[in-house]
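Q: Take a look at the letters that make up each chain.
There are 4 protein chains.
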Amino acid sequence: MRKLRMGMVGGGIGSFMGDVHRKASGLDGMIELVCGAFNSSLEKTIASGKALYLPEDRCYGSYQEMIEKEKQLPEGERMDFVTIVTPNHLHFEPAKMALENGFHVVCDKPMTLTVEEAKTLEKLVEKTGLLFALTHNYTGNAMVKQARAMVLNGDLGAIYKVQVQYLQGWMTAEVNEQAKIKPWRADPTKSGIGGSLADIGTHAENLVSYITNSEIAEVAADLGRIGKDRVLDNDGNILLRMKNGAKGTMSISQVATGEENALIVKIYGSKGSIEWNQEDSTKLIAKWVDKPQQTFTPDGIAVYDNVRAISRIPKGHPEGYLEAFGNIYKAFGLHLMSILENKTIEKPDYPSVKEGVNGVEFIYAAVKSDKENSVWTALKA
Amino acid sequence: MRKLRMGMVGGGIGSFMGDVHRKASGLDGMIELVCGAFNSSLEKTIASGKALYLPEDRCYGSYQEMIEKEKQLPEGERMDFVTIVTPNHLHFEPAKMALENGFHVVCDKPMTLTVEEAKTLEKLVEKTGLLFALTHNYTGNAMVKQARAMVLNGDLGAIYKVQVQYLQGWMTAEVNEQAKIKPWRADPTKSGIGGSLADIGTHAENLVSYITNSEIAEVAADLGRIGKDRVLDNDGNILLRMKNGAKGTMSISQVATGEENALIVKIYGSKGSIEWNQEDSTKLIAKWVDKPQQTFTPDGIAVYDNVRAISRIPKGHPEGYLEAFGNIYKAFGLHLMSILENKTIEKPDYPSVKEGVNGVEFIYAAVKSDKENSVWTALKA
Amino acid sequence: MRKLRMGMVGGGIGSFMGDVHRKASGLDGMIELVCGAFNSSLEKTIASGKALYLPEDRCYGSYQEMIEKEKQLPEGERMDFVTIVTPNHLHFEPAKMALENGFHVVCDKPMTLTVEEAKTLEKLVEKTGLLFALTHNYTGNAMVKQARAMVLNGDLGAIYKVQVQYLQGWMTAEVNEQAKIKPWRADPTKSGIGGSLADIGTHAENLVSYITNSEIAEVAADLGRIGKDRVLDNDGNILLRMKNGAKGTMSISQVATGEENALIVKIYGSKGSIEWNQEDSTKLIAKWVDKPQQTFTPDGIAVYDNVRAISRIPKGHPEGYLEAFGNIYKAFGLHLMSILENKTIEKPDYPSVKEGVNGVEFIYAAVKSDKENSVWTALKA
Amino acid sequence: MRKLRMGMVGGGIGSFMGDVHRKASGLDGMIELVCGAFNSSLEKTIASGKALYLPEDRCYGSYQEMIEKEKQLPEGERMDFVTIVTPNHLHFEPAKMALENGFHVVCDKPMTLTVEEAKTLEKLVEKTGLLFALTHNYTGNAMVKQARAMVLNGDLGAIYKVQVQYLQGWMTAEVNEQAKIKPWRADPTKSGIGGSLADIGTHAENLVSYITNSEIAEVAADLGRIGKDRVLDNDGNILLRMKNGAKGTMSISQVATGEENALIVKIYGSKGSIEWNQEDSTKLIAKWVDKPQQTFTPDGIAVYDNVRAISRIPKGHPEGYLEAFGNIYKAFGLHLMSILENKTIEKPDYPSVKEGVNGVEFIYAAVKSDKENSVWTALKA
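Residue numbers (numbering that gives the first Met the number 0), protein chains in the order written: chain A, 0 to 380; chain B, 0 to 380; chain C, 0 to 380; chain D, 0 to 380.
Hints listed in this document are in silico derivations from the structure and should not be mistaken for laboratory results. Check before you lean on any hint, since a few could be wrong.
[Stated by the list, open to error] Capping the alpha-carbon separation at 25 Å, the derived lysine-lysine pairs in PhoX-like fashion look like this:
1) Lys-246/D to Lys-227/C
2) Lys-181/B to Lys-270/A
3) Lys-181/A to Lys-270/B
4) Lys-290/A to Lys-227/C
5) Lys-246/A to Lys-246/B
6) Lys-370/A to Lys-122/B
7) Lys-49/D to Lys-2/A
8) Lys-367/C to Lys-370/D
9) Lys-342/C to Lys-126/C
10) Lys-282/C to Lys-282/A
11) Lys-290/C to Lys-270/A
12) Lys-270/B to Lys-290/D
13) Lys-370/B to Lys-227/A
14) Lys-282/D to Lys-181/C
15) Lys-367/B to Lys-370/A
16) Lys-49/B to Lys-2/C
17) Lys-2/D to Lys-227/C
18) Lys-2/D to Lys-49/A
19) Lys-353/D to Lys-367/C
20) Lys-246/B to Lys-227/B
21) Lys-49/B to Lys-342/C
22) Lys-270/C to Lys-282/A
23) Lys-370/D to Lys-290/B
24) Lys-43/B to Lys-282/A
25) Lys-370/D to Lys-2/A
26) Lys-43/B to Lys-282/C
27) Lys-342/A to Lys-49/D
28) Lys-370/A to Lys-242/B
29) Lys-367/A to Lys-49/B
30) Lys-227/C to Lys-270/A
[As the list claims (entries may be wrong)] Some residues of chain B that are not near chain A, with every Cβ distance over 10 Å (derived):
31) Arg-4
32) Ile-12
33) Asp-27
34) Gly-28
35) Asp-56
36) Gly-60
37) Leu-123
38) Lys-160
39) Gln-162
40) Asp-221
Ideal Cβ positions, reconstructed from N, Cα and C, are used throughout, including at glycine.
Please construct the entire structure, taking both the sequences and the accompanying hints into account.
A: And the structure:
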């Protein structure tokens, strides 16, 4: 078998997420970058491509051009899938066009700006049978998978309480009017109707759903728009009711001063509970109704087999953000390889369009609830 | 000066809280137990008194008898104050009678079963000029005082976000129907209209108010009554809006399986934030917009003077729950001594009837909000 | 039964250790301070006594006077035991005189300045049958007792490795020549031949011995005397060989800049290992050959019965340094009460003269080894 | 510029270290694997090569063949450097041959089996001017670099104490005679005269030297050979004296039951101290004589510029073992690129032959000291 060939939309040299996607996709030696429409101009894209050792003729002036020209290349040469690494407002169109032209897709979250767009992609994926991965990267962590496995195996009993927070402080500078440039995440034309909701709230929503194997049914949201002339939420306090009957709280912020990337989830059931902290990602703390507290580690003693399988290095040697991100690509890559080899395998564990729809619905429900003084609002209309 | 003389209502030998109050009040050698109405019968009270080295004639069959008889003792002998260590429904009457008979009062929380009772006590204290301490013990921790001092001194800037949780798991056994006896905290005639709200929610409410030097203005509550035939809340997820404009979440539970006494508070301001965890009570973590994360410790470097002053032992030698509890008694005791010595001092830092009213109002607002599907409900009618 | 009556040598008002001994001994309501020779002058001792609510006629100008006069008091009034809270060089004489006059003794560590003195006390205790407690307070911690119980019950298998450190930084100021007064612990006439060895090394030695139920057989020591004109060691790096065959390292320091009271012990056996950190004293971490890491807590799930029994408050409510110290007094007090009541009980778990001899021998062996360029030196000559 | 071309000796598919070197070297898109002599037979090497998408004609039956044939390839095609990923006894010969044939070298540690071999390589590197990187990967961690920068900048003052441990438990199974296969690290013909000394002791030695910018002058070692028929050390307790005057302890073990990869270093100076724990690698704790404890993080506030520069992702997104390993390759790669481009740059920060010699000398000194009952033994004869 050969390496999988990836074309990238967005992610020019110097962009945080472009670099993350390249390193994560390349980690397991299964995927190679073959072309890109990295930047807003052909000139810049060519500069990016050069720094990435790409031939100039695979650097395209736009995603449209990339999709059209790659489609005309022979099967043994053209890209297999498109990865979309642009700001939120530039996810839908390239994803749609890629799918319509027979290319599989990997896409950053939130999937689209609107629920309608999200459902359009969902239908397209269903119709075309093409693969679609949404990079909710935190679900790629070994200890998140262990948490989910423990729920699925009934270790925690019936789940009745969740607590999730995703707190960052990097926008405090903007609030204090010391920021030199306004981030696109504060601009509704690029971020959509949600600010922190879109950027980090969807991660929190997805993580809780993933671990509990359930979905958020309704939310009661009280959002914050802290700072002068702030349009989009940069803070949120949200009550959750889940389909499995669990209740809980979500606290999100981009202005939680001093926090770096404090995504923490706690799940409580009738037999036990678990706690995971992204900044200390190689530990999963489990507390029990009848046993002393335990700490699970990747590749450590007594983790489930599917958890051990995703560790690339032995216990005690920390894997981090890039490796978890790489696990999304790896699962997607294995799926895609099976298709290219005409093998039928069960879909590996990676987030897809369904999770994308859920995320956008979550944003909309939270914004609506907040407008109506935190009234309970269902995600599914 | 002599030791202060304490009479105790409730807290017979074997009760958790009676022992706590005795150890905490005795810690600094300033207060001695001189009499008590410890148990439901005179016989049991005498047994308790004997174990506590009390003379039999200072063991009373009821709090009424204790107050009446002690009042008749000469000034140099009779108790100075009454401490009330009973279940919630037995706070109001003895507190009222003590105040009406000229005795200062120390009382467990929540102060009363109803808001009306709470306000009655508040007025009585105002009218009599007697001292009243409510044992919201967690505010006695050095690092909680450091947190408050940092807010008061503006170190954190404007406060705009709070997050508080108070999670215990000890009632999970009851939920799983394995508990042998039903705790009184699950019985509305003894606990009042709140279960977890009264037992631990009021601590969380008080702690947030104390540190931020503000009050909770309104709540949106979604309570849980987990388990068969459960009447009172044993779980709660609550949105908070504070008078200072801050918003936040509160998560409380007595069925958070595996948790011991996980009271954690995080406060975010425009310049910095702090985090305190009761189970790791000798650390205060501070994060900053422009400095690396710091960890403050009791008697450690750069704590405020009033914080250092309450450490009994040098840094690195942990003081715990009893010492923090003792700090409430110590502050109350210093206040009382100043009065007995006819000195005028500023009221030392301990919770009183105002905090007691706030706590009961918090319970009522949360229960009302929950009944009305989490509608925002003000604490002050 | 009545309270036990304690007379104190040293520990005048304002002294750290005097206050610790008073609070710790009073914690469980079993012991009362009845007399003292607290300070170097009668005048100061009377001032201390007044602050402690003692009658003036029980304040003595010297320990000799205290022992002589108390001896003449009637049985129902005189002190039961002497507690010695003085600098190291003032332990031996009062302890000896107390024993010779029929008083039980509680004594601070290290027991004496010389091995000869230590053995003299050991023989006196044996001869008189009086009780002697040495306040190696850290062994009073619940999690230290859990660690020892796990070793005794074979949970960890055969012990083959130990690691212990006791690091403080409070003397760095002296090293930097910023200290205003020279601490007596730096003065050989008061501290003995060991500096950090006497003050904290003996704690480390005792802790390792207690947990492993073994003794240090020989040491290879490389001591540090950091700072200008420093006479006594303020730092030490020591190899250990234990009687049970285990090997290990000890690192001690009073100039470990920034450390508060960092006593940490790790014990490794063929089945498992444990780790305890005094500054985080309510957790015991256990790691296993075949199970995930566990965290034990005082009064928590699955601790041994003798461990649970010493918790005064339920799990999650931290007990600290004073409570652990109080456990030494409590065990001693229960022993003494049994004797006063003519009951025969097994000696409760508290350190005594044997541990005192071991501690002084450890100091001497380490100093000797260091002088001879770290040659292995046996503790028992 | 083009990618750098790497040939690999050892590291066939399935080997832990081969995979680590491939992922780490590929992480930054600067280095590509072009050929290999991965396994003991050509057949297996070809299978490995196929899995790595290598053409069969670049898979060689031996390192000798690889070096000879690659040398004959045109400049635009042949490998630029050899990376050696074999057991210890197979480092020297391929490294020597590569250097003698003009290839730069990356080599696993310990560099060689004997001091003589190590010095031979050192001289060869000096003579040829070729680059040589030794993969002491832990020095690639951002927080280790911050620690070194703090020492170099005098933040900690004069360094006088070090404490280092490297504890693993994976060989306990062997000790308990439950291991199915004997690891090569227990075999003197493959590991050399040191067991744990070679595998992890050299990492500890290198880490202390790197951070303190000094070297270990002499050691007093007490090694353990725990288990039946054990030949090589699997445990060690070692006193250290450093060239800068600092003293300290080293504790190493492969039978520290339950430990995963517990490499912890603490460095104490006259102004402050630092602590780093490999298993929690994204934090550096600093304690100060006059400031509260701080926690530094990669890309966090107030880290030195050279530290920030090596973070690939923003603060709060953990980089781990592979990324730190990748930093060695990246520094080596930048050095090599500068040479291929005929630019002169200062040697980037990566370990080389000097560190390799030190490591082997450390092993020899420790083994010698242990044989002579822990007598102090100099590393440099």
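Q: Decide, hint by hint, whether the structure agrees.
A: Hints versus structure:
Proximity of Lys-246/D to Lys-227/C is assessed by CA-CA distance (about 17 Å); at most 25 Å being required, the pair is judged to hold. A threshold of 25 Å between alpha carbons decides the hint, and for Lys-181/B with Lys-270/A the separation of about 19 Å falls inside it, so the pair holds. Distance restraint check for Lys-181/A and Lys-270/B: the Cα-Cα separation of roughly 19 Å lies within the 25 Å cut-off, and the hinted pair is therefore satisfied. Among the hinted pairs, Lys-290/A with Lys-227/C is inconsistent with the structure: their alpha-carbon atoms are about 54 Å apart, more than 25 Å.
Distance check on the hinted pair: Lys-246/A and Lys-246/B sit about 20 Å apart at the alpha-carbon level, within 25 Å; holds. Simply put, Lys-370/A and Lys-122/B have alpha-carbon atoms about 40 Å apart, too far for the 25 Å limit, and the pair is violated. Restraint check for Lys-49/D and Lys-2/A: satisfied, since their Cα atoms lie roughly 11 Å apart, inside the 25 Å limit. Among the hinted pairs, Lys-367/C with Lys-370/D is consistent with the structure: their alpha-carbon atoms are about 22 Å apart, no more than 25 Å.
Between Lys-342/C and Lys-126/C the CA atoms are separated by roughly 20 Å; this keeps the pair inside 25 Å, and the hint holds. Our distance criterion of 25 Å between C-alpha atoms is met by Lys-282/C and Lys-282/A, whose separation comes to about 17 Å. The hinted pair formed by Lys-290/C and Lys-270/A meets the criterion: a straight-line CA distance of about 19 Å does not exceed 25 Å. Restraint check for Lys-270/B and Lys-290/D: the C-alpha separation of about 19 Å stays at or below 25 Å, so the hint holds.
The hinted pair formed by Lys-370/B and Lys-227/A fails the criterion: a straight-line CA distance of about 36 Å is larger than 25 Å. For the suggested pair Lys-282/D and Lys-181/C, the alpha carbons sit about 36 Å apart, so the restraint of at most 25 Å is broken. Between Lys-367/B and Lys-370/A the CA atoms are separated by roughly 22 Å; this keeps the pair inside 25 Å, and the hint holds. Proposed proximity of Lys-49/B and Lys-2/C is supported: the alpha carbons are some 11 Å apart, at most 25 Å.
Taking the CA atoms of Lys-2/D and Lys-227/C, the gap is near 57 Å; set against the 25 Å cutoff, the hint is violated. Simply put, Lys-2/D and Lys-49/A have alpha-carbon atoms about 11 Å apart, close enough for the 25 Å limit, and the pair holds. The straight-line distance between the Cα atoms of Lys-353/D and Lys-367/C is roughly 37 Å, outside the 25 Å bound, and the hint therefore fails. For the hint linking Lys-246/B to Lys-227/B, the alpha-carbon distance of about 34 Å lies beyond 25 Å, and the restraint is violated.
This hinted pair checks out: Lys-49/B and Lys-342/C have alpha carbons roughly 20 Å apart, not beyond 25 Å. Restraint check for Lys-270/C and Lys-282/A: the C-alpha separation of about 22 Å stays at or below 25 Å, so the hint holds. For the hint pairing Lys-370/D with Lys-290/B, the CA-to-CA distance comes to about 50 Å; that exceeds 25 Å, so the pair is violated. In summary, the hint linking Lys-43/B to Lys-282/A is not supported, as the alpha carbons are separated by about 50 Å, beyond the 25 Å threshold.
Under the criterion of a C-alpha separation no larger than 25 Å, the hint pairing Lys-370/D with Lys-2/A is inconsistent with the structure, at around 54 Å. Between Lys-43/B and Lys-282/C, the direct Cα distance comes to roughly 37 Å. Violation of the 25 Å bound is thereby established for this hinted pair. Distance hint between Lys-342/A and Lys-49/D is fulfilled; the C-alpha atoms sit about 20 Å from each other, no more than 25 Å. For the given pair, Lys-370/A sits about 20 Å from Lys-242/B by alpha-carbon distance, which is consistent with the 25 Å threshold.
Taken as a hint, the Lys-367/A and Lys-49/B pair is broken in the structure, with Cα atoms around 64 Å apart against an allowance of 25 Å. Restraint check for Lys-227/C and Lys-270/A: the C-alpha separation of about 60 Å exceeds 25 Å, so the hint is violated. Distance check on Arg-4/B: its Cβ is at least 43 Å (rounded) from any Cβ of chain A, clearing the 10 Å threshold; non-interface status holds. The Cβ of Ile-12/B lies farther than 10 Å from every Cβ of chain A, with a closest approach of about 29 Å, so its non-interface assignment holds.
Asp-27/B, annotated as away from the interface, keeps every beta carbon of chain A farther than 10 Å; the closest lies near 34 Å. For Gly-28/B, the condition that its CB be more than 10 Å from all CB atoms of chain A holds, with the nearest at approximately 37 Å. Annotated as non-interface, Asp-56/B keeps its C-beta farther than 10 Å from every C-beta of chain A; the closest such distance is 47 Å. No beta-carbon of chain A is positioned within 10 Å of the beta-carbon of Gly-60/B; the least distance is around 41 Å.
Remark: the non-interface label on Leu-123/B is consistent with the geometry, its nearest Cβ contact in chain A lying 37 Å away (cut-off 10 Å). With a closest Cβ-Cβ approach of about 6 Å to chain A, Lys-160/B is found to fall inside the 10 Å limit, against its non-interface label. The Cβ of Gln-162/B does not lie farther than 10 Å from every Cβ of chain A; its closest approach is about 5 Å, which violates its non-interface assignment. Taking the minimum C-beta to C-beta distance to chain A, about 5 Å, the non-interface status of Asp-221/B is violated against the 10 Å cut.
Hint compliance for this structure: hints 4, 6, 13, 14, 17, 19, 20, 23, 24, 25, 26, 29, 30, 38, 39 and 40 are not met, and every other hint is.
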